[in-house]
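Quick note, the sequences are listed as chains A and B, same order. Numbering of the first sequence is given in our numbering, commencing with residue 1 and proceeding in unit increments. Numbering of the second sequence is given in our numbering, commencing with residue 1 and proceeding in unit increments.
It should be emphasised that the hints constitute simulated quantities derived from the structure, not laboratory data. Careful, some of the hints might be misleading.
The list treats identical chains as interchangeable, and a pair is accepted whether it falls inside one copy or across any two copies.
[What the hints assert, rightly or not] Keeping only pairs whose Cα atoms sit at most 30 Å apart, straight-line, the calculated DSSO-like set for lysine-lysine is: (1) 217 with 232; (2) 336 with 429; (3) 415 with 97; (4) 429 with 388; (5) 217 with 97; (6) 59 with 445; (7) 213 with 232; (8) 429 with 445; (9) 213 with 361; (10) 209 with 429; (11) 126 with 415; (12) 157 with 415; (13) 402 with 232; (14) 217 with 157; (15) 209 with 415; (16) 126 with 232; (17) 157 with 321; (18) 321 with 232; (19) 415 with 217; (20) 397 with 336; (21) 209 with 157; (22) 157 with 126; (23) 213 with 157.
Nothing here was measured: the structure is a model prediction, and the numbers come from that model.
Protein chains: 2
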Amino acid sequence: MNIPPHTVAQLEAIVGNAYVFADDETRRNYGHDETEDYVFPPAIVVKPATAQEISAIMKLANAGQIPVTPIGGRTGLSGGALAIHGGIGLSMERFNKIVEIDERNLQVVVEPAVITQVLREAVAEKGLFYPPDPSSQGSCFIGGNVAENAGGARAVKYGVTKDYVLNLEVVLPNGEIIWTGANTLKNSTGYNLTQLMVGSEGTLGVITKIVMKLLPKNAHNILMLVPFFEAKQACEAVAEIFRAGIVPSALEFMERDAIDWALEYVEGISVDIKPDIQAHLLIEVDGNFPDVLFSEAERIADVVGQFRIDDILFADTEDQKNALWKMRRNVAEAVKSNSVYKEEDTVVPRYELPRLLAGIKAIGKKYGFRSVCYGHAGDGNLHVNIVKGNMTDDAWKTDVPKGIREIFELTVALKGTLSGEHGIGYVQKNYMDIAFNPVQLALMKGIKNTFDPNGILNPGKIFPDQS
Amino acid sequence: MNIPPHTVAQLEAIVGNAYVFADDETRRNYGHDETEDYVFPPAIVVKPATAQEISAIMKLANAGQIPVTPIGGRTGLSGGALAIHGGIGLSMERFNKIVEIDERNLQVVVEPAVITQVLREAVAEKGLFYPPDPSSQGSCFIGGNVAENAGGARAVKYGVTKDYVLNLEVVLPNGEIIWTGANTLKNSTGYNLTQLMVGSEGTLGVITKIVMKLLPKNAHNILMLVPFFEAKQACEAVAEIFRAGIVPSALEFMERDAIDWALEYVEGISVDIKPDIQAHLLIEVDGNFPDVLFSEAERIADVVGQFRIDDILFADTEDQKNALWKMRRNVAEAVKSNSVYKEEDTVVPRYELPRLLAGIKAIGKKYGFRSVCYGHAGDGNLHVNIVKGNMTDDAWKTDVPKGIREIFELTVALKGTLSGEHGIGYVQKNYMDIAFNPVQLALMKGIKNTFDPNGILNPGKIFPDQS
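With the rest of the complex left out, here is chain A:
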């Protein structure tokens, strides 16, 4: 929808003329994230600086029934920040301060537009550790991480974003400003509004301040890359490592294609891989006692040694560790640079990984698409990049969605679900009926309606079009 001139004037009065943009370039710029090639420009881009300004904007939007889409770092993979109904694009970029690193309580108070890596490095300087590390950590906003309940490689040992959020300052759709909980490690006081807000993809409120818990920083880690001659065996090894009593701090799976494409895409990294290697596990253990880590790494080597593997590569230096992580983090970008693609974020109980992988390949064969699979195998979280390559536009538009539907049906049959860490947003919403029946969806809609009776905040997300 277009924004009437008097509303534009009111927005300018709220945030200042300099922070309201209606030009095409800005609108286009704020009309996309990293989700495929979608662009949905908001009618107007507004950049508030305080919760009070957002409160005033929300009241205005409610009065005028104008959609408001919160926009963070625009690195999302499910289209949560796309202004699919136009309206106001609410860029959070000015909320970019680390308010307080509380070393006494091991907590941090942070605004939502702080880049995740900036936050991680700032607390690390004080000897503290914020574990969640999505691959986009160099550019994503911590507020987006909270909105999508982002994960990352360390989630397998340390949990996802939700496990670190203690309390949130939120502007509700009606403009009221609340805190969702308390700054405590435990809380049994009323309904858990904090965890309801985490992962709600900007549909229940606009996050303006985040209180997170931190851990003491671990001094040491060991990183190893294990090449498998069979991808299925790499998946099987994942559950075995846990059954041996080890909880690695990262346990990443990469299909051969993922690693090849990443090596081609990222400059200056070389790994020598035999032609018949099908997959790799990238495994990290961390802690304060090097002897313990050596012993754990040895035990892991014993476990993976029961499968058909080639020589394990141990990263000897910080540079080598960084190179391996850089390779892993760039898989999605590398695939994207090769072809139009769709990325799915399947998650299952980890023992089911081999079945999931085999099923995805069979479904690909049936519908004629190729997929590159990789991800946080320790969590059972497998990213599936479906590559367009030489497929016709027709097949891409009609066959691939059928295949995706079958992939999701498989994840749910394996007691998994649609998204482990990317969210549902815009691109997965029409698969929600696979994970949830009408009763469950009605409950979620009831919650949405309680928070946002006029449906103005980030409309067109999460819920299927036909529900």
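Keeping the supplied structure of chain A fixed, place chain B upon it in accordance with the hints.
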């Protein structure tokens, strides 16, 4: 309210004659938990065995506007299971099976009436670890733990019940049976109904099956008891231990009275304590590598050694460890055996503990009551047992609630809240206005209304009478 005869007949038809009770003894028996001396007998006690039976009961209750109160192990400390409006007491006791210990995925599927300790021991036999260990673990139900988001001594390192719940089968107030999520470690698929249900104290649905994650079991631990000459310093030492980079697996605080009363109450345990010792910390570290634990214990000894302490007692044998834990677990019972009392479950960021403790004592002095304080100091979770002793009934009824209100105002001012792990239930509900303003309470009520429009499930809990 009374239950009309035809409804009784319908209930008998649903669960069988043998599982419907209207006699005074049964009603009284199911009319209390461990909350002070409250007794609210339900009009009728029903003991269903399946989710389908509960579904039929909920439909009947909705049709007849009959209150339904889910009843678990009756060990609660906030009155969550009290049938304060009579109606149907829904005893969950027949849901007492461990459905599956899934060693491949490190998960367990369990029914709600399994006793927490039974669950912990069953998974331990398979080399697995379910960390939450409320003091009542020998008699509380795991379903009650989920409903109240129970904690325990190990929460400081391993988190509370919510951190282990992956998925819940729930009978909604309208009788529909749903699963709240998926059996996965990560999940960004729609609103987090699982975490909304955890800690909702039986007001949003009846939990009939629980999927929880487990950890590999740690092989070793070290337990030490540190006597402090000043209670305030014991509190201060808590934050210092974390700042030294150690995350103990338990870090419990006990005032002198707590330990004295417990030693008197529990038979066969003796600890030699100097007369001028004011408080103790009970500290545990755990892991798989004894050398690491020795080193951590040494570091802890260094930290606490900076304060005025007496000799540290290291528990040398399993028997000695069990004795110390038994002493700690029996503090509440010991206080209860001495006097009528009220137990509050305050929680603050851990560095604020000394201020909280000093404030509680000052408030006690002002209103003329004595308190015994102890609890999970590592989490900032301090239990405050207010002892009636020689107070007049009048002072107990009028002055003590004013003092409790001031204690809660203090916790909130310190960025803490009313309850860390016991829940709000019946006895704390009229203090909710201290933690939440009308906007927040209206949101929670909106959620309640979405789930339970007729307000029949566990009415009269959580929300203040005047809201």
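Structure-based check of all given hints:
1. Taking identical chains as interchangeable, the C-alpha atoms of residue 217 and residue 232 lie at most 30 Å apart only when they sit on different chains, with a minimum of 28 Å there against 34 Å within one chain.
2. Taking CA atoms no more than 30 Å apart as the test, residue 336 paired with residue 429 passes inside one copy only; the shortest distance there is 22 Å, against 54 Å between copies.
3. With identical chains, the CA atoms of residue 415 and residue 97 are at most 30 Å apart between copies only, with a shortest distance of 21 Å across copies and 40 Å within one.
4. Proximity of residue 429 and residue 388 under a CA criterion of 30 Å is satisfied intra-copy only: 21 Å inside one chain copy versus 57 Å between copies.
5. In this homomeric assembly, residue 217 and residue 97 come within 30 Å of each other (Cα to Cα) only inside a single copy, at 22 Å, whereas the closest approach across copies is 41 Å.
6. In this assembly of identical chains, the alpha carbons of residue 59 and residue 445 lie at most 30 Å apart whether taken from the same copy (22 Å) or from different copies (22 Å).
7. Only between protomers do residue 213 and residue 232 lie at most 30 Å apart by alpha-carbon distance; the minimum there is 24 Å, versus 37 Å within a single protomer.
8. In this assembly of identical chains, residue 429 and residue 445 lie within 30 Å of each other by CA distance both inside one copy and across copies; the values are 13 Å within and 28 Å between.
9. Taking the closest pair of Cα atoms, residue 213 and residue 361 come within 30 Å of each other only across two copies (29 Å); inside a single copy the shortest separation is 40 Å, beyond that limit.
10. In this assembly of identical chains, residue 209 and residue 429 lie within 30 Å of each other by CA distance both inside one copy and across copies; the values are 27 Å within and 27 Å between.
11. Taking the shortest Cα distances, residue 126 and residue 415 sit within 30 Å of each other only across copies (22 Å), while inside one copy they are farther apart (41 Å).
12. In this homomeric assembly, residue 157 and residue 415 come within 30 Å of each other (Cα to Cα) both inside a single copy, at 21 Å, and across copies, at 28 Å.
13. Taking identical chains as interchangeable, the C-alpha atoms of residue 402 and residue 232 lie at most 30 Å apart only when both belong to the same chain, with a minimum of 24 Å there against 64 Å between chains.
14. For the homomeric pair residue 217 and residue 157, the shortest alpha-carbon distances inside one copy (14 Å) and between copies (14 Å) are both at most 30 Å.
15. In the homo-oligomer, the alpha carbons of residue 209 and residue 415 lie at most 30 Å apart only across protomers (15 Å), although the nearest pairing inside one protomer, at 34 Å, exceeds that limit.
16. In this homomeric assembly, residue 126 and residue 232 come within 30 Å of each other (Cα to Cα) only across copies, at 26 Å, whereas the closest approach inside a single copy is 42 Å.
17. Taking the shortest Cα distances, residue 157 and residue 321 sit within 30 Å of each other both inside one copy (18 Å) and across copies (28 Å).
18. With identical chains, the CA atoms of residue 321 and residue 232 are at most 30 Å apart within one copy only, with a shortest distance of 25 Å there and 45 Å across copies.
19. With identical chains, the CA atoms of residue 415 and residue 217 are at most 30 Å apart between copies only, with a shortest distance of 25 Å across copies and 34 Å within one.
20. Only within a single protomer do residue 397 and residue 336 lie at most 30 Å apart by alpha-carbon distance; the minimum there is 18 Å, versus 69 Å between protomers.
21. Proximity of residue 209 and residue 157 under a CA criterion of 30 Å is satisfied in both settings, with 26 Å inside one chain copy and 26 Å between copies.
22. Proximity of residue 157 and residue 126 under a CA criterion of 30 Å is satisfied in both settings, with 22 Å inside one chain copy and 21 Å between copies.
23. Taking the shortest alpha-carbon separations for residue 213 and residue 157, both the intra-copy value of 16 Å and the inter-copy value of 13 Å come in at or below 30 Å.
Violated hints for the displayed structure: none, as all numbered hints are satisfied.
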